[in-house]
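There are 2 protein chains.
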Amino acid sequence: MSALTPSIILVEPQLAENVGMAARAMMNCGLCDMRLVNPREDHTSAKAVAASSNAEEILYNAKVYASTEEAIADLQWVAATTARHRDQTKAVLSAEFAAHEAAQKLQNNIRCGLMFGPERTGLNNRDICLADAIINIPLNPKHCSLNLSQAVLLVGYEFYKTQKDLGKEEFVTNHTTPAEKAKILKFCSYLESLLEDCGNFRVGEKREKMVINLRNIFTRGQLTEQELNTLYGVINHLRGTPRPVKRPEA
Amino acid sequence: MSALTPSIILVEPQLAENVGMAARAMMNCGLCDMRLVNPREDHTSAKAVAASSNAEEILYNAKVYASTEEAIADLQWVAATTARHRDQTKAVLSAEFAAHEAAQKLQNNIRCGLMFGPERTGLNNRDICLADAIINIPLNPKHCSLNLSQAVLLVGYEFYKTQKDLGKEEFVTNHTTPAEKAKILKFCSYLESLLEDCGNFRVGEKREKMVINLRNIFTRGQLTEQELNTLYGVINHLRGTPRPVKRPEA
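If you read the sequences in order, they're chains A and B. So in the numbering used here, the last spot in the first sequence is 250, and the numbers never skip. So in the numbering used here, the last spot in the second sequence is 250, and the numbers never skip.
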């Protein structure tokens, strides 16, 4: 796993709590290799562990370095997150694009890292010039300051999506299976037969319109068989039939 | 703006600080309409305002409701975020897909809302059954618990990306323009001419290989003219030439 996920490099993080929350965000996104450059506080303190919310494993395994250069020494591609515009001549990637870049490189066994600066100031230019690219997280330009763990979360989330191809997922229906059309139409016919006595059902043209409306209503929702049974029960109840309503054969 | 962004509905949030952080995440993502169902603490307290990090406007404008039903009364499409699997028969959308759904509906003036549950328990089934769809944020299934503001941030971020179409952005080069190829090749030729005396340059075959290597090195990085000048200066210095090196005409 380690070889196929990017390292997360936190440069001079100030608060242990933020390092803990960053570990939680890493765990959320299936990342495991945390590297700390000169952390101001102890990243294995009780505060940090509590903030990590069961991701303390990442904190205990984190490696500490005296300089950014040492922290990235064994990596082959590094991207630096910044909120502000920088005047450095370097490709600026959206978080999504950077995640895809990293994922592709990792698949080719190129070791990648994602770098985050101190809470208050972000990365300085000396750190940024060590990176191959700058990551810019697309956010409201009038209010784009994120806390450290949120920046880690957003970039990590984009990476996680590349691994699972889940972002593109359209939708799945939950457990249950939509009823076969025949069963839905049988239900509609049944309902229509019960409406024969209703005023609107007596005039041919109006009847046609109402039938179409009703069928639209009951087909749109992808009803399950269970839900059809519920609807039969409702009708039964509304009609004041105490015994099970006689349903059409499915 | 308000009509074209989804409302964020926080159901029974427990801590004012979390509501403040959710406001900050909303502001990050260009969202403005916060709705609170039975918040346990005062969402305009000093704690909440501090946590909002300059997004207190959202807190002051937040509307408070006694029930989820009232909070979503005027909306036309609502999606509920859940971490756990639910047995409800409802479409489950990825955050990205849900954001696109909401963006499309909002463009057709359909009022949309995104619903988030209390910190400890998440939304209960009674709230979820009010929603048109469930949002599932794709995250490490072994560790998918997020704090409230992070859930708001991830879903809001996906919505923001639909508005800006920034997610797909490939890359932009920062301010400066890459040098014209002719200038880079002239630099290479110049360097090659300086290497004529070097051992490897004397053997034809080896020379060819080295030229290709060098040209690859200097074309890959999209050097700017300014950077070429720097390189000329470096060569100048290395050769121990105190006066400006005579460069080839560009």
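Check before you lean on any hint, since a few could be wrong.
Given that identical chains are not distinguished, each listed pair holds provided it fits within a single copy or across any two copies.
DSS-like mimics (lysine-lysine), calculated; alpha carbons at most 27 Å apart, straight line [to be verified]:
{"hint": "1", "residue 1": "K181", "residue 2": "K206"}
{"hint": "2", "residue 1": "K164", "residue 2": "K181"}
{"hint": "3", "residue 1": "K209", "residue 2": "K63"}
{"hint": "4", "residue 1": "K209", "residue 2": "K183"}
Honestly, the hints are just simulated from the structure, not real lab data.
Against the earlier hints, flag every one the structure doesn't satisfy and list their numbers going up. 2 and 3
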